[in-house]
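A.B. asks: Sequence:
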Amino acid sequence: MGRRRQYCRQSCRQRAYEQRAQVKGTSFAPDAVVLTADEAADLSDRVYQVRCAAEDIATALQEGADGSELRDLCEVLIQAAKAADGWR
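Numbering-wise (the numbering used here), the sequence shown opens with residue 14 and increments by one.
Worth flagging that the hints you see were computed from the coordinates, not collected in a lab.
Treat each hint with caution, since some may be false.
[Claimed, not checked] Pair ranges (Cβ atoms, derived):
hint	residue 1	residue 2	range
1	Ala45	Leu74	21 to 31 Å
2	Arg16	Gln92	36 to 46 Å
3	Pro43	Glu76	40 to 50 Å
4	Arg84	Ala42	16 to 26 Å
5	Ala78	Ala34	47 to 57 Å
6	Met14	Ala78	52 to 62 Å
7	Val47	Gly99	11 to 21 Å
8	Leu56	Ala34	39 to 49 Å
9	Ala73	Arg16	13 to 23 Å
10	Asp79	Ala29	18 to 28 Å
[Claimed, not checked] Derived pair list, reagent style SDA-like, types lysine to any residue, alpha-carbon separation capped at 25 Å:
hint	residue 1	residue 2
11	Lys95	Leu74
12	Lys95	Asp58
13	Lys37	Gln23
14	Lys95	Glu82
15	Lys95	Ala66
16	Lys95	Leu56
17	Lys37	Val63
18	Lys95	Glu52
19	Lys37	Arg26
20	Lys37	Gln27
21	Lys95	Ala73
22	Lys95	Val60
23	Lys37	Leu48
24	Lys95	Gln23
25	Lys95	Leu83
26	Lys37	Val47
C-beta atoms are modelled at their ideal positions from N, C-alpha and C, and glycine is treated no differently.
Given these sequences and hints, build the entire structure.
C.D. replies: Following this line, the structure appears as C-alpha cells:
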C-alpha cells in the first residue's frame, strides 16, 4: 500500500525540482507565484470582470429585478468566475 504519490508523473516531479532549483538563492519564497506583466494584467482584468458582475447582481437586487434577470446576471457572474479561475 505505502504512502500516497506526491507527483502524478516523473515529468511533474522534474518540473517541481527545476522550479525549486531556480528559486534557491533568490529572495522569492519557495511557494511564490511569478507572473509576467501581461499575465498579471490579464488576471487583474478577469478579477475586475468578476467584481463588476457581482456589483451588477447587487444593483439588480436593490432595484427589485425579477428572477429571470437575476438568473441571467448570475450566469454572467459564473462565466466570469470560470474565466478568472482559468489563469493557472
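A.B. asks: What hints, given by number in increasing order, does this structure fail?
C.D. replies: Numbers 1, 4, 8, 9, 10, 17 and 24 - these are the hints that the structure violates, sorted from lowest upward.
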